[in-house]
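S.K.: Given next are the chains, with one letter for each unit.
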Amino acid sequence: MKLTRRSVLAGASIAILSGRAHAAGKYSPGASDTEIKIGQTMPYSGNASAYGVAGRNQAAYFRMLNETQGGINGRKINFISLDDGYSPPKTVELTRQLVERDQVLIDFYPLGTQCNTAIQKYLNQKKVPQLFVASGASKWGKPKEFPWTIGWQPDYHTEGVIYAKHLKANVKDPKIAILRQNDDMGNDYLDGFYEGLGEDGKKLIVADATYEVTDPTVDSQILQLRNSGANTFFNVTTPKFAAQAIKKVAEIGWKPNHYLVAVAASLGAVIRPAGFDNAQGIITSQFLKDVTDPRWDNDEDVKVWRKFMADWNPTANVMEGSNVSSYVVIKGLEHVLRKCGDDLTRENIMRQAASIKDLELPLMLPGIKVNTSPTNFYPINQLRMAKLEGEHWVVFGETMSRDAV
Amino acid sequence: MAAVTNSWATKGGPGVVAIAFWALLALLPFGERFVAEGSFDYYLFMGQAMLINAIAILGLNLLIGFNGQISLGHSAFFAVGAYTAAILMNFAGWPYWATLPIAAIVCFVAGYLFGFPALKLEGHYLALATFTLAIAVPQLLKYKPIGKWTGGVGGLLLDKPEAPEWTGLGQDQFLYYLCLIVSILSFWAVRNLLRGRGGRAMMAIRDHAMAAGTMGIDTARYKTVTFGISAGITGISGALSAITVAFVAPDSFTLQLAVSFLVGLVVGGIASLPGCLIGGAFIVLIQNSSQSISDWMKSTFSLRYDVPAWAIYGVLLIALMYFMPRGIMGGIEAVFQRLTTRRERQP
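One line per chain: the protein sequences are A and B, in this order. Under the working numbering, the first sequence has 59 at position 57, and the numbering climbs by one with no breaks. Under the working numbering, the second sequence has 432 at position 268, and the numbering climbs by one with no breaks.
What the hints contain is simulated information worked out from the structure, not anything from laboratory work. All values derive from a computational prediction rather than experimental measurement. Glycine included, every Cβ here is placed at the ideal spot set by N, Cα and C. Honestly, I wouldn't trust all of these hints.
What the hints assert, rightly or not - So these bits of chain B aren't anywhere near chain A, every CB distance computed over 12 Å:
1) W258
2) G377
3) F500
Stated by the list, open to error - Example chain A residues on the side facing chain B (calculated, C-beta under 10 Å, incomplete):
4) A50
5) D85
6) A120
7) V320
Kindly produce the complete structure, drawing on both the sequences and the hints.
M.R.: Structure representation (structure tokens):
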């Protein structure tokens with residue numbers, strides 16, 4: 003049959019006019035008139051099994067969507083979340099299973115920096131969206147090299163920039179001491195911090211101490227930093243070491259302007275063990291609402307979230323931050339899929355994911371917006387500063403971002 | 165226990181069966197037309213993983229099954245092999261195939277050296293000493309001074325080798341054949357080793373070390389060399405894993421990997437060569453199927469909560485050990501023996 007422009011147009015208009023939008027659907031493998039297949043790898047077992055909370059919560063959310071609203075755009079969500087035990091070779095195996103055997107449309111929120119590194123090349127070769135990667139590393143936003151990979155949360159680099167900017171604007175004559183974990187995370191933060199400080203920023207740093215994940219304590223590093231005469235302390239640590247550092251700083255009577263990275267800003271896992279008294283005035287940054295804070299009790303979004311948790315995921319611990327972050331990112335996915343309408347091709351999903359404008363999602367702090375473009379694959383690159391007052395983080399100041407000074 | 169299973173390794177009997185079996189494995193990639201489109205490469209990838217695990221278990225079996233030394237630390241040698249291949253490919257630009265013998269040599273030396281302190285230790289104590297290897301190696305890989313080479317926590321990303329054009333094979337087909345050829349060579353080498361004087365000495369040491377010593381066997385030398393060969397074979401499988409997965413990172417080589425080798429070994433059948441292949445397949449299949457069983461239970465009985473996949477794994481393992489205490493290969497042989505003896509009794 004010969005296709006002329008006219009016949010194509012006629013066909014298209016009939017399809018539109020017939021009103022049954024489903025019939026006109028364009029699909030990649032994993033999508034159909036009735037179903038959208040979404041794959042994911044998650045550490046439900048192994049060293050990082052604590053993160054598995056996120057996958058379970060998302061499974062609950064999709065169940066809720068399917069049973070109360072019939073899915074998204076009239077298509078049920080078939081969510082396949084597999085346990086990779088945080089082991090990269092297992093992630094590769096399971097991702098291949100998802101793509102080749104189960105034929106999923108997208109790989110959504112796969113968790114872990116190493117695990118995602120292991121599958122990034124493969125997914126880009128296969129042209130399967132690696133959508134909203136669950137990792138804070140700064141390498142997920144490179145659309146030129148990896149057009150099928152897009153990040154989600156504010157990355158460590160962005161956060162580092164933001165602390166440096168706040169510090170330059172607020173601390174007089176800063177002399178900075180840095181304590182950082184000797185790995186990719188620590189380096190990402192440091193790079194961002196340098197970028198934020200600007201050209202002559204390195205001169206402001208009077209001490210830079212590192213520790214290994216395997217070290218028992220960071221006490222000696224803290225003493226070394228205090229003796230440098232610094233008045234500002236940039237604390238780039240993971241929870242256990244953050245608690246030690248905060249305690250030690252208070253113990254030796256050092257009173258610097260204390261910046262604590264968001265990775266380690268957990269009230270339950272860090273501040274409480276370190277002692278609330280010792281941590282007053284510490285500054286960190288946030289982009290999500292702290293649902294444990296009674297200040298948000300009357301917030302509509304928080305109420306909806308609490309009801310969702312009670313009805314659909316009753317066994318989960320609501321104190322765990324993953325239950326909030328996994329909920330927010332799924333709202334982001336829902337937005338993208340609704341935007342795609344009946345064109346559920348992998349190309350269109352990436353196109354929609356890369357053209358989000360000023361999207362506000364439930365449970366994000368007021369002022370934080372999701373923004374992407376064909377050249378910006380960092381969906382959330384805004385944060386707000388927060389200070390510890392009493393037993394809660396109190397958000398203050400403007401929304402900060404990487405670009406705006 | 166060992167008397168039954170040794171027959172597979174040392175007697176000439178099942179040679180035809182073995183050749184037929186390997187030939188069957190070699191024909192598998194032609195089964196593409198029977199499988200739904202697109203997913204066949206995934207099955208070949210699983211086949212690669214099974215063969216790689218089988219080689220690792222073969223190395224472990226040589227040590228535990230045929231020499232009576234227990235190791236909980238073979239994930240460490242697997243890691244060393246994988247990193248040897250990765251570093252040579254990444255920094256020295258070596259072709260993937262050339263890294264395999266180097267990985268074997270490096271791991272042989274590492275295993276041989278570790279064999280010396282292991283001489284002083286037996287049974288549970290050796291198990292504990294090797295256990296520390298499994299714990300220490302992932303940490304050492306993150307160690308800063310060598311971070312330039314190992315890639316630290318982030319690991320190393322490799323280029324997956326393409327099939328040479330003259331073969332006309334797809335990438336996964338080619339890698340499957342690579343694993344298969346290496347497996348055949350390893351199994352063949354181990355089989356020959358076990359049939360010779362060295363193999364008999366190893367087994368004599370396992371059965372009664374003092375008696376073996378009295379008969380003039382240099383037990384210390386045989387034990388250290390066995391440790392070395394065992395580590396070398398496991399190192400080859402580690403290198404193959406690095407090549408097929410195209411990524412190495414410290415988190416890939418946890419204690420759990422060492423334990424899964426041990427599980428594969430026991431399930432397949434200690435001191436059985438075919439058992440290694442069964443064990444290798446078991447490791448890959450059981451983890452995936454326990455997940456599917458969990459999903460199936462959830463949907464069939466419309467449960468509100470997940471059935472933990474690892475609990476199902478545990479139950480399966482206990483059931484298997486209860487019905488086949490000598491592993492699957494031991495079970496098969498018991499059935500086989502019963503059938504043949506019954507036939508003989510009939511007039």
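S.K.: If a hint holds in the structure, say so; if it doesn't, say that too.
M.R.: Now the hints, each set against the structure:
1. Residue-level check passed: W258(B) sits 20 Å from the nearest beta carbon of chain A, beyond 12 Å.
2. The Cβ of G377(B) sits about 41 Å from the closest Cβ of chain A, beyond the 12 Å cut-off, so the non-interface label holds.
3. Taking the minimum C-beta to C-beta distance to chain A, about 33 Å, the non-interface status of F500(B) holds against the 12 Å cut.
4. Hint on A50(A) holds. Least Cβ distance to chain B is approximately 9 Å, under the 10 Å limit.
5. Taking 10 Å as the C-beta cut-off, the interface hint given for D85(A) holds, the closest approach to chain B being about 6 Å.
6. For A120(A), the suggested interface contact is upheld, since its CB lies about 4 Å from the closest CB of chain B, less than 10 Å.
7. Hint status for V320(A): violated, given a least beta-carbon distance of 17 Å to chain B, over 10 Å.
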